[in-house]
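Peer 1: On the provided structure of chain U, position chain P as indicated by the hints.
Protein chains in written order, with numbering that gives the first Met the number 0: chain U, 0 to 158; chain P, 0 to 596.
Calculated from the structure, these hints are not laboratory results. Quantities reported herein were computed from a predicted structural model and do not represent experimental measurements. Idealized CB from N, CA, C, for every residue including glycine. Errors might be hidden in some of the hints.
[Said to hold, decoys possible] Quick look at which bits of chain P chain U covers, simulated, 3 or more residues with Cβ under 8 Å: (1) 198-211; (2) 294-308; (3) 349-362; (4) 399-412; (5) 580-586.
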Amino acid sequence: MAKIKLAKSKVDKLVEICKSFNNEGSELINVLHKAQETFGYLPAEVQEIIARELNVAVAHVYGVVTFYSFFSMVPKGEFPISICMGTACYVRGAEKVLEEFKRQLDVPVGETTEDGKFSISCLRCVGACGLAPVVTIGERVYGRVAAGDVADIIKEYQS
Amino acid sequence: MEKYKMHILICGGTGCRASASEAIQNNLQDALKAKGLEEEVQVVMTGCFGFCEKGPIVKILPDNTFYIEVKPEDAEEIIEEHIIKGRKVMRLLYTDPEKKEVVSDSKHMGFYKKQIRIALRNCGFINPENIDEYIATEGYAALGKCLTEMTPQSVINEIKDSGLRGRGGGGFPTGLKWEFASKNDADQKYVVCNADEGDPGAFMDRSILEGDPHSVLEAMAICGYTMGADKGVIYIRAEYPLAIERLKVAIAQAREYGLLGNDILGSGFNFDVEMRYGAGAFVCGEETALIHSMEGLRGEPTVKPPFPAESGYNGKPTNVNNVETFANIPVIINKGAGWFNKIGTEKSTGTKVFALAGKINNVGLIEVPMGTTLREVIYEIGGGIKDGKKFKAVQTGGPSGGCLTEKHLDTPIDFDNLLAVGSMMGSGGMIVMDEDDCMVSVAKFYLDFTVEESCGKCTPCRVGNKRLYELLDKITEGKGTKEDLDLLRNLSTVIKDTSLCGLGQTSPNPVLSTIENFYDEYIAHVEEHKCPSGQCKALMQYVIDPELCVGCTLCARNCPVDCIAGDRKEAHIIDTAKCIKCGACMEKCKFNAISIQ
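Excised from the complex, chain P in its bound form:
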């Protein structure tokens, strides 16, 4: 690496690649070649930088210049101005929306200031397809330390002392889990990495695997060492082709370097990793269901006990951890439990990665210390609500979580606090909603998901969630009654209490939390038959204000079903019987003459 004077890092995450980051890479390389600089400046495609909203991102080292929304045709100017003449390309720099100042170094950007990157330490920094770059950032040092200086029990103790809890959502202490698996004797044991990220709107695990696959491989080997397992399996969604590709490259390189395989680092410890592909079933995030899927069966959960630590994959002791949990392990070993447990809160140590999305200015991937408040995340890191709208709710925990409101904004985020306010940490999806979102519809959206994803094995989940969905549908159609709200509550409680696995035990949370926090909105739907946010189609009508309409005919020309009538320069009228409520007219009207009633 020393021979290059400068490095140009390009985000190779899924979002930026969709916006042509590969073409940017090619153009940069061509431009360097044309100037004879290819020996002095290296172009690297890295993992996700996190600031997806402003992608594609290009970063220049050593001066740490952060270019946003770069287009392939900007490549030449970057080389000409920045690399050769040493002048920053001002128009591609980030402008702080509040202070209106240009910020060239990402360290000083609001989005990054409050972040501490542990699990994401190498994402957007190293080339994920080059093991040497991982090794140069202390990669595989933790594995070396464990194998040569530590006993399996002392590694387990270190993880226990760190206070690390499972990042997949459950929050079970990782060290304890490892200890259980280590205490069960068997001729064969397995380490499984759960990379079946099924929560819609969450992409943490995918970004880690795309940006830093070796950290997961290293941690799996460490886990194997503690419990006496020589086989690791990564269960990954087939919908993640880029992550799969990068893992394949990483596994091959680690084998070539002797960091996977037999007699790793001369210690006599053997460990190898293979991959299994998921096929699109949310319930497979539950560990017993995941194990069945790995065995080629339908991904249905089974009752615990027996826990996988006793009888898991192929009936052997198995330890299942999530991607982000694993990504924390090497750092804990390198820096010590005492360093890690000072970050975060007392009962939830360390950091958490969140996929921040929805109606927020800075959509992206963030990592913050536990105990950061929702307000800090949404307003300081997230840059507030899009288009100056009013904040309404933030949904955490995906289909298992709840919608939190204004009054929860100062809640410090950790496992226990989120549970206490009726939501949960989940895997880290965080969706922000504004005044235009109807909370009944949001609850219905999640139930639609759960109904589709319920495996059908136990009745409360299979039948109960369907009934919840139907009740919500009835309410959004304007046919609900107040009694339906009580029924929703009762049924939700029954489903939570009687379902077999985590899916059914948490699926009513979106319903319960929205009834609790947005009761008025439910009442408006069932008593006044109105949707206050104007989202429920059955409850709204598009109308043209004759005072404001100038008769420009734009709406009529854009109406897909020709239901707007009127002569030029005269007020138009919408035929509500024919209107399909698509909203195209309102979008096109330049005079704000069309509104929803």
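Isolated chain U, as found in the complex:
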């Protein structure tokens, strides 16, 4: 992936985050959570700085980032769409809903549309199984979504 040059203010912010966890290597996951919260994702340069500050190998940081599905190395869309693929949603037709989102936005799971507006991801159970199948866009939860509702949902965010 292309290297992104980080602005000094961002580097300072990262240094500050690491410091708030006493620069301890064992706090790596907490640091990554905080960094992703701040930057939205964890590109290679962010990982390099974290490795330097916590005094651990970059490979170790990369290993942890790629191990956990919550961490992402690519930026999410302005409106991140998550389709619940928990079993309850699956048996109530989540797969068809996912296919429809993929088809309408013409973008595969885990990627962002060219205009940066939407990204699609799957998640495992938000715990609202009574509303299955469930789709979340940002903080908003849509329940009992059918493939036929997809176009209308996307429209809400396109204006």
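Peer 2: Structure of chain P alone, referenced to chain U:
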């Protein structure tokens, strides 16, 4: 609490909040204020009531009226009619689907009748963000009793006598686990609460943490007292923001009341709790993997022994229990082991919480005594199968469990019975499937999950599960052979026998149980190249019956790829080469003219 004459409880669980329960709360409060009743009626946002299917739920005390599917605009009517005039709002009450009678009190509803709530005792009853309400329901009394009247060993004995077994899925006796941890001497020990609920379709732990966080904190302190640990850590999924928030509030309140911190209740016992966040890895439910994740590493499991009780977090003796296990502890101490072990079956005492979901009428969170049959759960509590369809299978134990069928419906649910029929208790997910579900696809769905979640450390799990997935994929594409079924069986056995941790040792269960219980369906896929439930896309075709089609053009207008041709008032035809098999046409057709072949 005495000063209020009435209480209005609103479900603040994730499902109901997604359906605007916060707006309902605001509207109720506004309506009360407008009538000058805010001093007399209290509005409380509680944890999950369990009856998610009919949410959002609003309950009125003291008369125990249970309103379902409430909308924010109903608030005014509830205040005007019920609170002021004392008349129930009939249209918001639950109607028993069989007897067609209105039931206003939840105690008499089929969904609640067979339930015994121990772990969920306070969910939907108290305000989880108010420690006083927890204390008013005997909260922290058990901790007080342990610290002032009992020795650590007598607490352990009580838990052993209760017969409580780990609710995270393994079913290991909790008292024994505590005893092991207490016998290892060290300068530092840890109590860990496993709140990394990764089983898709299960939300028991989340509901307990959202609805009654103090019960878990209290139990962790009791555990700390028995084993000599002064630090507790809750490892919780980052995907559970509401549970995290409520825990933070609860920890701060407990510290303020001196129920966490130094010299708790003047006993000289110190205990404090902090939180660690998971980052989305199913394998971290395994305790050694969880501990590595807490240490900031990749969540890979390690060989036991050494068990965490000897060498766990930071190399120190550590006891890991699941949320639901902890939630049972205070009640056992308060009411005694003798009370607890009379509930349930001989070898599986107490109750179990299940997240009932899938093709069932009453989706929700339930707690039943061990030994309740699957039939009672699915038909009496769950209200039967949705849309009058036929029951096909029930899946317990998530990706580690199996699919049980009609013939298992009268099996009493407990740890050992479920294992004996090729499934397992697991953490408590229970997914009901109907005649439209293809069991090969279901097995493939679980394997897809396992392949993604396998940590990759040991070969059988990393490579073996991938091969299982590929074989299942081949079968659903109509390219499978009968030999593939034998291969699936053999490979499954090898993976089970040779994997390092619980994930790989159980991941083939969905495959084995579906082959065992639905062999005919596999045969139909490999020999006739047909999917009897019409779910496998590669094996089906949508066709229009020219006899039934009236030429209304609705299907053609709704087809996303324009593959339906035909003139108005004439039978239409689907171009099967262009059809993407999305099913939109069949959904829209008002004349049942479209079918799957």
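Peer 1: For every hint, state whether the structure bears it out.
Peer 2: Hint check results:
1. 198-211: holds (count 7)
2. 294-308: With 5 residues close enough to chain U, the hint holds.
3. 349-362: holds (count 5)
4. 399-412: Check failed, 0 qualifying residues.
5. 580-586: Holds, because 4 residues of the stretch 580-586 of chain P bring their Cβ atoms closer than 8 Å to Cβ atoms of chain U.
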